[in-house]
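Dock chain B against the given chain A, drawing on the hints supplied.
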Amino acid sequence: MKTKFLAAALCAAILAVGCSSGSSSSGTGGSTAGSTASTSGKTFKIVMIAKSTSNPVFPVAEQGAKDAAKEESKRTGDNIVIDWETPADEDAQLQANYINQAVTSGANCILISCSDASKLTSAINHAVDSGVPVMCFDSDDAASKRFAYYGTNDTHQGTQIMDELGKYMKGTGTVAILAGNQNAPNLQARVKAVQAEAAAKFPNIKFVPVAYHVETPDDATKKVIEYMHAYPNITGWAMVGGWPLFAKGLLTTLDPKKVVVVAGDALPAELEYVDKGIAPALVAQPVYDWGYQSVKLIVQSQIEHKQIQAYNEMVNPIVTKGNLHDWAEKLKSWGMTGIDPKFLDPNYGKTK
Amino acid sequence: MTTSGNENKTKPAKQPRKSFLKAKSPKDPKGAPRKPKPAKQGKSIFRVVFGVPEVSLVIIILIMGFILAKFGGTHTDFQTGRSVSNFLNTGSIFNLLENTSYFAIMAVGSCAVIVTAGIDLSVGSIDCLAGVVTAIVLQKMVGAHMTGSAEMVLVALAVCLGVGLLCGVLNGLATVILDVHPFVITLGTLWILRGLAFIVTRAQSIGMPQQVINFTQSSLGLHGGVQPIPVIVMIVISIFGWIYMAKTPAGRRIYAVGGNLEASRYSGIPVSKVLVGVYVLSGLTAGIAAFLSTSVYGAAASSDATGYELYVIAATVVGGTSLLGGRGSAIGAVLGALVIEMIRESISILHLDSNYQQIIVGLAIIVAVVIDRAGANMRQKQMVMEQAKAREGAATPAS
Numbered sequence: 000m001k002t003k004f005l006a007a008a009l010c011a012a013i014l015a016v017g018c019s020s021g022s023s024s025s026g027t028g029g030s031t032a033g034s035t036a037s038t039s040g041k042t043f044k045i046v047m048i049a050k051s052t053s054n055p056v057f058p059v060a061e062q063g064a065k066d067a068a069k070e071e072s073k074r075t076g077d078n079i080v081i082d083w084e085t086p087a088d089e090d091a092q093l094q095a096n097y098i099n100q101a102v103t104s105g106a107n108c109i110l111i112s113c114s115d116a117s118k119l120t121s122a123i124n125h126a127v128d129s130g131v132p133v134m135c136f137d138s139d140d141a142a143s144k145r146f147a148y149y150g151t152n153d154t155h156q157g158t159q160i161m162d163e164l165g166k167y168m169k170g171t172g173t174v175a176i177l178a179g180n181q182n183a184p185n186l187q188a189r190v191k192a193v194q195a196e197a198a199a200k201f202p203n204i205k206f207v208p209v210a211y212h213v214e215t216p217d218d219a220t221k222k223v224i225e226y227m228h229a230y231p232n233i234t235g236w237a238m239v240g241g242w243p244l245f246a247k248g249l250l251t252t253l254d255p256k257k258v259v260v261v262a263g264d265a266l267p268a269e270l271e272y273v274d275k276g277i278a279p280a281l282v283a284q285p286v287y288d289w290g291y292q293s294v295k296l297i298v299q300s301q302i303e304h305k306q307i308q309a310y311n312e313m314v315n316p317i318v319t320k321g322n323l324h325d326w327a328e329k330l331k332s333w334g335m336t337g338i339d340p341k342f343l344d345p346n347y348g349k350t351k
Numbered sequence: 000m001t002t003s004g005n006e007n008k009t010k011p012a013k014q015p016r017k018s019f020l021k022a023k024s025p026k027d028p029k030g031a032p033r034k035p036k037p038a039k040q041g042k043s044i045f046r047v048v049f050g051v052p053e054v055s056l057v058i059i060i061l062i063m064g065f066i067l068a069k070f071g072g073t074h075t076d077f078q079t080g081r082s083v084s085n086f087l088n089t090g091s092i093f094n095l096l097e098n099t100s101y102f103a104i105m106a107v108g109s110c111a112v113i114v115t116a117g118i119d120l121s122v123g124s125i126d127c128l129a130g131v132v133t134a135i136v137l138q139k140m141v142g143a144h145m146t147g148s149a150e151m152v153l154v155a156l157a158v159c160l161g162v163g164l165l166c167g168v169l170n171g172l173a174t175v176i177l178d179v180h181p182f183v184i185t186l187g188t189l190w191i192l193r194g195l196a197f198i199v200t201r202a203q204s205i206g207m208p209q210q211v212i213n214f215t216q217s218s219l220g221l222h223g224g225v226q227p228i229p230v231i232v233m234i235v236i237s238i239f240g241w242i243y244m245a246k247t248p249a250g251r252r253i254y255a256v257g258g259n260l261e262a263s264r265y266s267g268i269p270v271s272k273v274l275v276g277v278y279v280l281s282g283l284t285a286g287i288a289a290f291l292s293t294s295v296y297g298a299a300a301s302s303d304a305t306g307y308e309l310y311v312i313a314a315t316v317v318g319g320t321s322l323l324g325g326r327g328s329a330i331g332a333v334l335g336a337l338v339i340e341m342i343r344e345s346i347s348i349l350h351l352d353s354n355y356q357q358i359i360v361g362l363a364i365i366v367a368v369v370i371d372r373a374g375a376n377m378r379q380k381q382m383v384m385e386q387a388k389a390r391e392g393a394a395t396p397a398s
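The listed protein sequences derive, respectively, from chains A and B. Reminder that position 152 of the first sequence reads as 151 in numbering that gives the first Met the number 0, one-by-one numbering, no gaps. Reminder that position 32 of the second sequence reads as 31 in numbering that gives the first Met the number 0, one-by-one numbering, no gaps.
Bound-form chain A, shown alone (with noise of 0.2 Å):
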């Protein structure tokens, strides 16, 4: 019987450390207005529920609307908290059940990036009947009752990736799609543009089967190994998503007299690409906007009740050589960390 209490007792210390070593902007002890329409002073939960905390793009959004948090918070004179709730891995299901947990525990508003838009639109609608707003960023369920959206225009973004792969091919070649979680509709979307825009402009361009797996680095490196073999022919890699230029397998395996790849995001892992003339070029994704922007927008639109764009289009710019500099810099600003210091030094790309 002691041991059974004592045991109860560990279980209740290791619980406390989980709570010790919970994020400042979590709030204390979880009192929240459970309205809509906060008044001055009082705390607005915020619940934020990306597609994967393995996903290093989803915790530079975290760190984004933190940022925004504090700086609205100080502006509004409202707490403005952030409750990050995202799953380790992708799972709809999971993302559903973080919904409903958000309502019944007093969240004023719910973001979400959606990892299956048909699975999580039930919850979503169930949510804003509840009175809690939701608003995606990333990836969008545009059929359900959200108030808005923030997050690349995918069909513009595929259409970018393609111009620039097919530029640096010179119309011609073989290309692989590299495309993560096929059940993604952003993903998706970006796929079928890339595909469309290959089709009218660069119609010498052949495609081999497009390449679906696990977003996670690790997974997405060897996806991109695995076709190498299998077909040795490829000559260009459209990457919708960034995942294998996060980490550093690709960069002794492909070499960038045979192989072009231009890809999504540009993260600091994937500067040495471009550095390496692997990448050329990459269609970036602010995502730290992901986060910041969208927690803007929720304060003008929840908090200060004014009239806001349903669809909020992100601009992604193109990260070359020639901008590289620039653009570490920006990813510094955010509070990234990783960045190589060469391209953090003012006179990068101008000493050749």
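Hints are computed from structural coordinates only; laboratory data are not their basis. Any given hint could be a false lead.
[To be verified] From the derived model, a few chain A residues whose C-beta atoms are all more than 12 Å from chain B:
1. Ala122
2. Gly248
3. Thr252
4. Asp325
5. Ile338
[To be verified] Straight-line alpha carbon distances no greater than 30 Å define the calculated DSS-like cross-link-like pairs of lysine-lysine that follow:
6. A:Lys295 <-> A:Lys69
7. B:Lys139 <-> A:Lys144
8. A:Lys191 <-> B:Lys69
9. A:Lys295 <-> A:Lys144
10. A:Lys257 <-> A:Lys295
11. A:Lys275 <-> A:Lys221
12. A:Lys295 <-> A:Lys329
13. A:Lys222 <-> A:Lys247
14. A:Lys275 <-> A:Lys69
15. A:Lys69 <-> B:Lys69
16. A:Lys41 <-> B:Lys139
17. A:Lys256 <-> A:Lys200
[What the hints assert, rightly or not] Over 10 Å on every C-beta distance to chain A, these chain B residues come out as not near it, computed from the model:
18. Lys139
19. Ala149
20. Ala157
21. Val168
22. Leu172
23. Asp178
24. Val235
25. Asn259
26. Lys272
27. Ile348
28. Asp352
All C-beta atoms in this analysis are idealised placements derived from N, C-alpha and C, irrespective of residue type, glycine included.
For chain B alone, coordinates are given in the frame of chain A:
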């Protein structure tokens, strides 16, 4: 033989008991078994209650519930304006039970498998395949204008159960006929079935018809936006599972096979049939979970239920089922699933950093199993002590 004062001093405790027994039960042969005094009856009720394996889990659940209620904070309900506990409210409790139900239902089937010292790693894939096949069939029905609600619900259930049954038969027969360890067989079917789901869906997410969604999302007249059907199904399955395994001859054979395979074979138990049967049960429960989850969440995709087999097995083991076979219960498996889901939800209710969720869940599962094993060891020791005392009482000669 005359008794000396020393003998009286050495055996003061037993003499009064013997004389008491002889006086109280003159008809008892050789003075055994002993009837306890009223004070001991209270103690044995305590032992009876805590001798039930599932009680340890209930204690854990109650402790966790207390912690969540005490430290989970409150919010203002936007409809009533009253302060409401973040955990102890109808919506939260029902959410918890509903989220538990899918794993719990599969855990009942998994329990039967693990009691035979087997394992089924393919339950997540069976769930996925059953869901996507059902969604495809229902979409065809919509295309053929066969859109009656009852019709669609029955077809959905039948297809889910049918796919689960077929997959279970496949696992069972492969295990028995090929004589390969079920870990290997079900590891293979985990990949095969998931691959089949990917091919039939062509990587698309397939929506479920609204008629079926309305059925499982029905509130049955309850308020607060709750969806009780998955919870009701979980309760029914757990009761049937417990009755089947603990109270029927077919169920008892499962324990016999798990306890000692060779002895069961020599006793005339149809071991092969029992083994195939448990994998069929596992497949059927995965099919039921698929029906509920795809209709509640509204769509099926080839990535559904990825990794769920680990949660299901963890729930079964936390619930007291021994991986070595011969021990376990359906009720325990369901309670184990509830423990794991409470641990997972406590991370958000207590505002813990969700980046630590895997560490916290893993550690807490180990603690929950330790608590349960401690209870099992205590019960084992008590049983041994009582048997020893009973033997002592029988062996002590009458004076």
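A quick look at each hint next to the structure:
1. Separation of Ala122 of chain A from chain B is inadequate, the least Cβ-Cβ distance of about 8 Å not exceeding the 12 Å criterion.
2. Chain B leaves Gly248 of chain A outside its interface by the beta-carbon criterion, the shortest separation being 24 Å against a cut-off of 12 Å.
3. With a least CB separation of 26 Å from chain B, Thr252 of chain A remains clear of the 12 Å interface cut-off, as annotated.
4. Once the 12 Å rule is applied to beta carbons, Asp325 of chain A is consistent with being away from chain B; the minimum gap is 31 Å.
5. At roughly 22 Å, the least C-beta separation between Ile338 of chain A and chain B is larger than 12 Å, which holds for a residue marked as non-interface.
6. Restraint check for Lys295 of chain A and Lys69 of chain A: satisfied, since their Cα atoms lie roughly 11 Å apart, inside the 30 Å limit.
7. Straight-line distance between C-alpha atoms of Lys139 of chain B and Lys144 of chain A comes to about 28 Å, which keeps the hinted pair within the 30 Å bound.
8. Of the supplied pair hints, the one linking Lys191 of chain A and Lys69 of chain B is violated, its CA atoms being roughly 51 Å apart against a limit of 30 Å.
9. Restraint check for Lys295 of chain A and Lys144 of chain A: satisfied, since their Cα atoms lie roughly 20 Å apart, inside the 30 Å limit.
10. Restraint check for Lys257 of chain A and Lys295 of chain A: not satisfied, since their Cα atoms lie roughly 44 Å apart, outside the 30 Å limit.
11. At most 30 Å may separate the alpha-carbon atoms for a hinted pair to count; Lys275 of chain A and Lys221 of chain A meet this at roughly 20 Å.
12. Taking the CA atoms of Lys295 of chain A and Lys329 of chain A, the gap is about 19 Å. The hint holds against a cut of 30 Å.
13. With a C-alpha separation of about 14 Å, the suggested pair Lys222 of chain A and Lys247 of chain A falls inside the 30 Å cut-off, and the hint holds.
14. Distance restraint check for Lys275 of chain A and Lys69 of chain A: the Cα-Cα separation of roughly 38 Å exceeds the 30 Å cut-off, and the hinted pair is therefore not satisfied.
15. A distance of roughly 28 Å separates the Cα atoms of Lys69 of chain A and Lys69 of chain B; the hinted pair therefore holds under the 30 Å criterion.
16. With a C-alpha separation of about 52 Å, the suggested pair Lys41 of chain A and Lys139 of chain B falls outside the 30 Å cut-off, and the hint is violated.
17. With a C-alpha separation of about 23 Å, the suggested pairing of Lys256 of chain A with Lys200 of chain A holds against the 30 Å cut-off.
18. The claim that Lys139 of chain B lies off the interface holds: its Cβ sits roughly 18 Å from the closest Cβ of chain A, which is beyond the 10 Å cut-off.
19. The beta carbon of Ala149 of chain B is kept farther than 10 Å from every beta carbon of chain A, the shortest such distance being approximately 21 Å.
20. Once the 10 Å rule is applied to beta carbons, Ala157 of chain B is consistent with being away from chain A; the minimum gap is 23 Å.
21. Distance to chain A confirms Val168 of chain B as a non-interface residue, since its nearest Cβ pair spans about 27 Å, more than 10 Å.
22. Taking the minimum C-beta to C-beta distance to chain A, about 31 Å, the non-interface status of Leu172 of chain B holds against the 10 Å cut.
23. In this structure Asp178 of chain B is separated from chain A by more than 10 Å, as the shortest Cβ-Cβ distance comes to about 34 Å.
24. At roughly 22 Å from the closest C-beta of chain A, the C-beta of Val235 of chain B stays outside 10 Å, upholding its exclusion from the interface.
25. At roughly 29 Å, the least C-beta separation between Asn259 of chain B and chain A is larger than 10 Å, which holds for a residue marked as non-interface.
26. Taking the minimum C-beta to C-beta distance to chain A, about 35 Å, the non-interface status of Lys272 of chain B holds against the 10 Å cut.
27. Remark: the non-interface label on Ile348 of chain B conflicts with the geometry, its nearest Cβ contact in chain A lying 6 Å away (cut-off 10 Å).
28. For Asp352 of chain B, the shortest C-beta to C-beta distance to chain A comes to about 5 Å, within the 10 Å cut-off, and the non-interface label is violated.
The earlier numbered hints that this structure contradicts are 1, 8, 10, 14, 16, 27, 28.
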